[in-house]
Amino acid sequence: MDAGDFDEEELFRAMAGSGTRWLLIGRRALVALGLPVLTADYDFWIDIDGIESFNAAAASCGLIPDKTADAARATGRYVVEGDERVDVLVARQVSTRDGVVLRFEDAWSRRRAVPYEPGLSLWIPSIPDLILTKKWSLRAKAVQDIDLLEALSREEPSS
Amino acid sequence: MTPRQKLDPKIRERYERALSDEEWQRIQALPRDPESDEEVLDLARWFRRRYPTAKERFAYVRRKYAEWTRRTG
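If you read the sequences in order, they're chains A and B.
Letter by letter, the first sequence follows residues 5 to 163 in the working numbering.
Letter by letter, the second sequence follows residues 19 to 91 in the working numbering.
Keep in mind that the hints are not guaranteed to be accurate.
Derived pair list, reagent style EDC-like, types lysine to aspartate or glutamate, alpha-carbon separation capped at 20 Å [unchecked claim]:
id : chain 1 : residue 1 : chain 2 : residue 2
1  : A       : 145       : B       : 39
2  : A       : 145       : B       : 26
3  : B       : 73        : A       : 87
4  : A       : 139       : A       : 47
Output of the computed footprint for chain B on chain A, the stretches with three or more beta carbons under 8 Å from beta carbons of chain B [stated by the list, open to error]:
id : stretch
5  : 27 to 41
6  : 62 to 73
7  : 82 to 92
8  : 114 to 120
Simulated from the structure, these hints should not be mistaken for lab results.
For every residue, glycine included, the Cβ atom is placed at its ideal position computed from N, Cα and C.
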């Protein structure tokens, strides 16, 4: 069994050209920042008003949403899938268990670019915001990721 | 689709379980270990130097994930 015809670069190029605001989150964001952790997942947090544009970009790569845009807005998350499965968060804001709210707009304003290849960059939340995303569900698996990110934040001039 | 690693159910349960508030507070109260942090930073510096772009980093992780799933079936 393999990954089929999914082309990761094609997806990132399509998203860059979609006009939608999006952030790569989850463990893949840690990898992008320079932490070699294992993951097979793609997780994005997108502008709730950009669902249709994001879906069009995903569809160009053979990834189809599992909900209508309205249903996705109602639940705050959905999946696009085909030869790969991509989790998409669309909530305008999410809170950690201890009540710290992270708004998409704020995460977007503090985002950083990580070069995917020359001419194409990925948008990643700042390290403090990425830590907050890891605190949303506070599962045991997030603890190591939070620890790694907090270590990484020590070399940042202003995280 | 990238084949996902099938974890033993008991391991998956421990990995996926939600922490209690008390557990999380205990973890947060632990002091950071500067030596451990420096090891993480050394690892990150090597990874970024060896694989300068996200594309290369994702390819590395894909290879390692495939090796892991092949080894543990």
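Check whether the Cα positions of residue 145 of chain A and residue 39 of chain B lie no farther apart than 20 Å.
holds, 15 Å
Please work out if residue 73 of chain B and residue 87 of chain A have their alpha carbons no farther apart than 20 Å.
holds, 19 Å
Taking beta carbons only, do three or more residues of the stretch 114 to 120 of chain A come closer than 8 Å to chain B?
holds (count 3)
Okay, the stretch 82 to 92 of chain A and chain B, do three or more residues pass the C-beta test at under 8 Å?
Three-residue rule met by the stretch 82 to 92 of chain A, so holds; n is 4.
Would you say the stretch 62 to 73 of chain A counts as covered by chain B, given the rule of at least 3 residues with C-beta under 8 Å?
Not satisfied, violated; 0 residues make the cut.
Coverage of the stretch 27 to 41 of chain A by chain B (three or more Cβ within 8 Å)
holds (count 8)
Does the alpha-carbon distance linking residue 145 of chain A and residue 26 of chain B stay inside the 20 Å limit?
holds, 15 Å
20 Å limit on alpha-carbon distance, applied to hinted pair residue 139 of chain A and residue 47 of chain A
holds, 15 Å
Going down the numbered hints, you'll see the structure goes against just number 6.
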